[in-house]
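Asks: Given only the sequences and the hints, what does the whole structure look like? Please build it.
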Amino acid sequence: MLDDHLVVQFLRDYGQETLHTINFMEYPWETLIRQSRRVNLLSRIAFFLRELELLDSVPEQPRIHFINSIKLSDANARSAKVEVKAIHKALSAAEVDFVLLKGAAYVWSGVDAGKGRLFTDTDILVTKETLPAAERALAHNGWFTSSLDRYTQQFYREWMHEIPPMTHLKRQTTVDVHHTIIPPTSRLKPKPTKLWQQADAMQNMPGLFVLSPIDMIIHSATHLFHEGEFDQGLRDISDLDLLIRQGVVSEDKWQELLNRSEELDLVKPVYYALNFSYKILHTPVPDEIIARARKLSKMSYVSSKMMDMLFSRALATKHETSPVKGQGFARFLLYIRSHWLKMPVHLLIPHLCRKSWLRLTGQKDH
Amino acid sequence: MGSLKSYSCEPETVIYNVESGDMHLLSASNAELLGLINQKVEIPHLLQKIIDTFQLSGSEAEEYLFNLKSEYRKLNLIN
Amino acid sequence: MFNIAVASNIFAVARHLKHFYADYTVNDSGDFTDLYVEVKAVGGLRRFYKPQVTFTFDGYEPFAPLPLNQAPAMFEWGLNWAIANTAHQYLIIHSAIIEKDGYGLIMPGTPGSGKSTLCAALINRGWRLLSDEMALLSLDDGLIYPAPRPVSLKNKSIQIIKDFSAEAVFGEVVPDTLKGDIAHMVAPESALLQQSTPVKPAFLVFPHYQDNAEKQLKQLPKARALMTLAEHAFNFNILGEEGFDAMANMIDQVECYDFTYADLATALEGIDSLVK
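Protein chains in written order, with my numbering: chain A, 1 to 366; chain B, 1001 to 1079; chain C, 2001 to 2276.
No incorrect hints appear here.
Below, a list of computed lysine-lysine pairs in the DSBU-like style, where the Cα atoms sit at most 35 Å apart:
1. C/2200 / A/71
2. A/81 / B/1005
3. B/1040 / A/170
4. A/85 / B/1005
5. A/71 / B/1005
Source of the hints: derived by calculation from the structure; they are not laboratory data. These numbers were taken from a predicted model, which means no experiment stands behind them.
Replies: Listed below in structure tokens is the structure:
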């Protein structure tokens, strides 16, 4: 089912270094462009083609689309650099250290997962103690908490123990300030301090960090398999694939990854990440490591098979050129599950009801 | 700060900050001074240029340069 | 030129396409399509109560749904959006672009400027339409490329142009959109016949409609014109340095004007005088 999606095949070919063998004249470029645009991978695919000096072999009309999508990701990277510098200026004046996360971190640190990466918000991690100072420093420098309704603000602050995203008045860009990598109301309790211990400091920017390569994998895995947003599922799997290939540089690094996931109490999402990255994009994860991860996650065979099925459907690209049976329902179940993972039950039902109500009455931001 | 590009048509110059995408409209003389400051031209030379261009005294020129630099710093046009 | 694929389950859209796009080339199924768009009526119970239409670009909905009777207008807006968000081989300027005797005239569209009315009048008096909404400035050769489409007019302009030009062919008026009453005018034949002919930009004119004002063409300092025009370029930030270079080069080549006028007839004289 997933095997015949063009985007998936393309990414596999890239990973196996067989991309240059495709038939450039006969290839269904149009379908590839449409599918990859839908999952926010068009810029990445274009980046790969350019990287391998294959763009000139692509017929002119599709080639223009690829070139244009690279302009988008280049613009995104430029804007990200401006953002990170501005955030750094504001926070270092207040002596608040921060770790860059996700897209912004990939682009800033130059890892492969930054290739053709598009993202809107800048996500950062500070300590719980410095969170108020961070919010003040940002507010002082032009960021403001958007006018969310009272319920949503309360939801963020009191129940989720987070502050709402802050938007810069002039640049209209958003920074999301976290103090844990999964919502503090979740069942799992990874200790953020451990992440700080292994974080890499960025040269010339004292107080600015990114996660270690292993922790980047774990965080990306947690974000995808915990948060429930599968619309960009394939893009996130592609990120994981690139992070894993680049981050696990030797045999012993696999065990280090498993040990670290255990230490952070995040084995389950890492198991899913290894399993699906291997299944979907053929990331070279040894069978034995996947087996070890599953064992460590303590999932039964039955529940792992069920999650397998749900995730496979949910992660497929949703597009008319690649319909997947049962996808809508699978995504719905996983959406409920991710909320279940994030919030205690007594908070869950009222919140979900409110979200549905906002959506059905056409009020956009929820 | 990154690099700056310019487009000049007397008596004004547009300065474009490649990194941020910001654009600024400056008088051609001030734009020229911006270029000189970024090339790290020595202060006495800068001051002389200001004196000649705007017909100011030595101390007025110093004040002019000081204000200009702080304005440019705010706009992220100089380091 | 763009290859577009449209899917719709709304009769009014099919009628709009037949009326306005009958003379456009129909591609073969094997041809490459640049943009897939859908204009669909919202299904389910919604069909019976204040029915709505949605616009989708490859599965993505950039706008909130609109009342169903605005479907043809939504198609046009949506298509503009799709082009402005993908065609980065051009610096895309929000303006009308017309041509006479090989001279390209760009008229940026600030609200209340009367740009659309002026444009519609000029193309019925010897000027060729390249676009009434978007000037596509090629980053490769500095020429502006045509993408002629139905000309959209609002409110009073609709009757003004109907009165001005008896031959002008209009679609139906859609009342009460967010922009007022809207109608589309078929672009004169020359637009489609010459849609493969780009034009060298020669004039940049910012129109200002002002009741009882004296007609006036005032030269605009180029540095200022550059600053102002950048605000009218949809993808200026996406293109970065390339966009700045293209725009600066163009400004250097063209004559820049602020144009104040109070009525159509003298406005046309003023514009025509540029190419005499």
